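Now for the letters of each chain:
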Amino acid sequence: MEATYQLDFAQELKKCVRCGKCRTSCPVFHELRGESASPRGRLALVKALQTGELEPSEELADRLYTCLLCKTCAVDCPSGVISDEIFVAAREYLAEALGQPLMQRALLRGFLTRPGLHASASSLMRLYQKSGAAAMLDKTHLIEHLPEKARAAARLLPDVAGRPGRKRLREVTPAQGEKKYRVSYFLGCATNLLYPEVAEDTVEVLSRNGCEVVTVDDVKCCGMPHLAYGDMETARELARENLRALSDAGSDYVVSDCASCSATLGETYQHLFDAGTPEHARTKELADTVYDVSRFLVEVTGIQPGEHQVEATVTYHDPCHLSRAQKVTEQPRAVLRAVPGVEFREMAEADRCCGSAGSFSVMHHDISTKILDRKIDNVEATQSELVATSCPTCTMQLSFGLRERGSEATVVHPVQLLARSYRGE
Amino acid sequence: MAAGTATVTAAALVTDMVKLLGPERVFHKDVDLKTYTYDSSFVSQINNFTPEVVVMPTSTEEVSRIMRYADQHGVAVTPRGAGSGQTGGSVAVRGGIVMDLSAWDDIVEVDEVNMQVVVRPGVVHAELNNHISSYGLYFPPDPGSSEWATIGGMVANNASGLRAVKYGNTGQYVLGLEVVMPDGQVIRTGGLKSKALKSVSGLNLTGLFLASEGTLGVITEVRLKVWPKPPSRAIVVAYFDRLEDAAQSVLEVFKAGILPSGIEILDDGAIRSVNLFKPQLKLPEVEAAIFFEVNGSKAATEDEGRQIEEIAKRRAGSVEMATDAKRMKELWTGRQAIGAASARAKPNAARIFAGEDVCFPMAKVPEALRRIKEIGREHDTMVVIYGHIGDGNMHTAPIIDPLKPEEVEAAQRVAEDIHRLALEIGGATTGEHGVGFVRAAFMEEEHGAALTVMRRIKDCLDPKGIMNPGKIWAEE
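Top to bottom, those sequences are chains Z and C. Reminder that position 382 of the first sequence reads as 661 in the numbering used here, one-by-one numbering, no gaps. Reminder that position 346 of the second sequence reads as 350 in the numbering used here, one-by-one numbering, no gaps.
For reference, chain Z alone in the conformation it holds in the complex:
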């Protein structure tokens, strides 16, 4: 059993002593309780696959996909088992052995690789919401008769804005004041489609902090969804295209407001190519320049404090791909503290996964919702008006959870509050 995702199964799996510590922190295991839902159980299944004791099967794939890839087990593991990377590599092997479902393949290869289709999708989603179809489905309870996953997706979907982010941003936004850096803004798919106002605010904040911002037009999806579904071939192709586009932009830094995008560009790309190849060297070079926007503001430009009061109580949820994948936890809080008027309230278990995990919230809606419940309990305990987070799928999930509870709290990106403070809103 081999994986093209640079990983030697036998060498990595041998580190697991099966102590069981990962049962403690896995959000999925906490809900399901059977051993095959624990990271240790999944590792045992991958080992059985590797040794030939088990054959690839849909059931085995189901156990390996019932994982958030939240990295909690990997970060906590005393033996240093990189469980999430092992699961990703095993998914690649299973995708090849079992084939990918047609719809999944169409989404990963046909849609996510083509940014040009995103604007049309946005219009369609907006039509669905604004024509009254969405409200009608909900009001008449017809939504209950949709297939489970479609129903979940319909419930999770936020109000889709009129124009995607890419159409709202200039190709080059000049720095306000002295230009310190030229920065490529990597606009992720979810931010572009669902939260274009975050994109606008990110660019404004970067500009206000002395950056000339290039919105690189021909970047593609970062490839995270493809990696999660074991489609390494497409992920690798997307990585090549993004490496080229970002290199052509000739900036000092690459900045993203999406935790998953910055984690993928800055870390995961290195696993996609053989060490010693020119492509691998380019991923290393890219990694040195990729920053999450909060980290960039704190570590590179320094934060120009907000000018106007933004009176709000705010708590913060750590996205897995920022806190565990990039060890970025203090910087988003520092951004929030730089906003005058903000009263920051730390929530319990702020770095516990919210259950979103990309499409996990749709594909495993029941489990995801249970995980989300605990997160929303922790949010509500702070009695904050706003929940800040740095990931669009976390934003979607948290917003869904708050809506379901009838809460008036809303979800924002930390840079949005800084932008509001600059603008005096």
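For the record, the hints were derived by calculation from the structure and aren't laboratory data. The reader is advised that the hints may include incorrect statements.
As the list claims (entries may be wrong) - Below, computed lysine to aspartate or glutamate pairings styled on EDC-like, alpha-carbon distance capped at 16 Å:
{"hint": "1", "chain 1": "C", "residue 1": "LYS33", "chain 2": "Z", "residue 2": "GLU334"}
{"hint": "2", "chain 1": "C", "residue 1": "LYS350", "chain 2": "Z", "residue 2": "GLU291"}
{"hint": "3", "chain 1": "C", "residue 1": "LYS282", "chain 2": "Z", "residue 2": "ASP355"}
{"hint": "4", "chain 1": "C", "residue 1": "LYS408", "chain 2": "Z", "residue 2": "GLU291"}
{"hint": "5", "chain 1": "C", "residue 1": "LYS377", "chain 2": "C", "residue 2": "ASP421"}
{"hint": "6", "chain 1": "C", "residue 1": "LYS33", "chain 2": "Z", "residue 2": "GLU338"}
{"hint": "7", "chain 1": "C", "residue 1": "LYS33", "chain 2": "Z", "residue 2": "GLU332"}
{"hint": "8", "chain 1": "C", "residue 1": "LYS33", "chain 2": "Z", "residue 2": "GLU337"}
Said to hold, decoys possible - Take a look, some chain Z residues computed to stay more than 12 Å from chain C by CB distance:
{"hint": "9", "residue": "GLN379"}
{"hint": "10", "residue": "GLN455"}
{"hint": "11", "residue": "GLU516"}
{"hint": "12", "residue": "HIS550"}
{"hint": "13", "residue": "ALA554"}
{"hint": "14", "residue": "ASP567"}
{"hint": "15", "residue": "PRO584"}
{"hint": "16", "residue": "ASP630"}
{"hint": "17", "residue": "ASN657"}
Since we're looking at a predicted model, the values are computed, not measured. All residues carry an ideal CB built from backbone N, CA and C; glycine is no exception.
Let chain Z serve as the given structure and place chain C on it in line with the hints.
Showing chain C alone in chain Z's frame:
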């Protein structure tokens, strides 16, 4: 399914279990059964102990019904908690039913005034202590696996841990048990309605089930004595250039009339492993470190901490006293993690659990430490030593490449020799992890005629031999 006595097919067994529990709490697919073939023991990783079915009961009545069925059909039943044991105790070496009790985790009662709690077997040790801390109470035994080990498993193995030197093992806190016997009968030990903290009424049946490792019945409820939580603690860490000096310092602390709540040793490999896992700890990389924990009133912990500091300085190169909560947590959790983290002592290697919790007489600890190192060198195997030096209970971790058969073989010889060493110098083959599957071969030598009495008790309570067969007793 139970030493060849089962009268039901695997398919029928699954069907019947589903009838008893419903489909959600019965696992029978290959992918699920595979995840119940192991615990932490290396022996379970190189064998294939697959059960026919896994059940997850969450009531005494369900357990009783399953046991009645198993008794009627001669099906083996292996109770299991978190599967964090290191001896193969919770794997089904004779097939049959694995009974996963880890989801049954209700804290039934916290009786603050009578200083006791009643819990179901799946309650995790750390979660119990988190829960009762708001009452100012705590359950003192402190296994390294505190965050995931279950109370049921701790009772079934009479486990202990980092604070056994002062507080002893789990058994000292068990006031009574609810047990489902192999034929399904439900009994309560320690008195049907008792809330007493002491009882010598009748034979000590509670004691009989301690460390019985699921071979006599299924523990379904535990009544535990809990203690007032000490308001203060301190940790003194002493770093020694010679392993023997570390051991001598422990004896000198006792001679000064001090009984620390924990005394833990880390050898050079263990120190290196902890530093690699938790770099922020920055432990000096010497031949041995001793962690002394003291607890009690603030004045007492400060006084005893200072005394230990002075005593340790006579032999130690450097000594650190921590009273800051953050630093103490870092040190203690760093120590707790060594079990699995010890693999980091050697690149491209793994730690295996084999021969890992021998207990030596205190007077022989310095000699034992030296001889364990010699055994490792003799078999060309790195052995990381850490553990509860305050009561002579040492963990010895062979660090090998498990993909290399010659290294596996050498590690097994190391484990064998370490067990023999324990018996030779008046120690015990297991201080807290239990016998399970891996130490059954030493029982005759360790216990002599007493083993025959143990067998008679087993035969009397479990005449069909369905409870966790293949454990404790090497089968004839």
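Comparing the hints with the structure gives:
1. C:LYS33 <-> Z:GLU334: holds (13 Å)
2. C:LYS350 <-> Z:GLU291: OK: LYS350 of chain C and GLU291 of chain Z at ~15 Å, within 16 Å.
3. C:LYS282 <-> Z:ASP355: holds (11 Å)
4. C:LYS408 <-> Z:GLU291: Status holds; Cα separation ~14 Å.
5. C:LYS377 <-> C:ASP421: holds (11 Å)
6. C:LYS33 <-> Z:GLU338: Roughly 9 Å between the alpha carbons, so the hint for LYS33 of chain C and GLU338 of chain Z holds.
7. C:LYS33 <-> Z:GLU332: Status holds; Cα separation ~14 Å.
8. C:LYS33 <-> Z:GLU337: With Cα atoms ~12 Å apart, LYS33 of chain C and GLU337 of chain Z stay inside 16 Å; holds.
9. GLN379: holds (20 Å)
10. GLN455: holds (39 Å)
11. GLU516: holds (32 Å)
12. HIS550: About 19 Å separates HIS550 of chain Z from the closest Cβ of chain C, which puts it past 12 Å; holds.
13. ALA554: holds (17 Å)
14. ASP567: Its Cβ never comes within 12 Å of chain C, the nearest being 22 Å, so this holds.
15. PRO584: Answer for PRO584 of chain Z: holds, closest chain C Cβ roughly 30 Å.
16. ASP630: holds (17 Å)
17. ASN657: Answer for ASN657 of chain Z: holds, closest chain C Cβ roughly 16 Å.
Taken one by one, the earlier hints all hold for this structure without exception.
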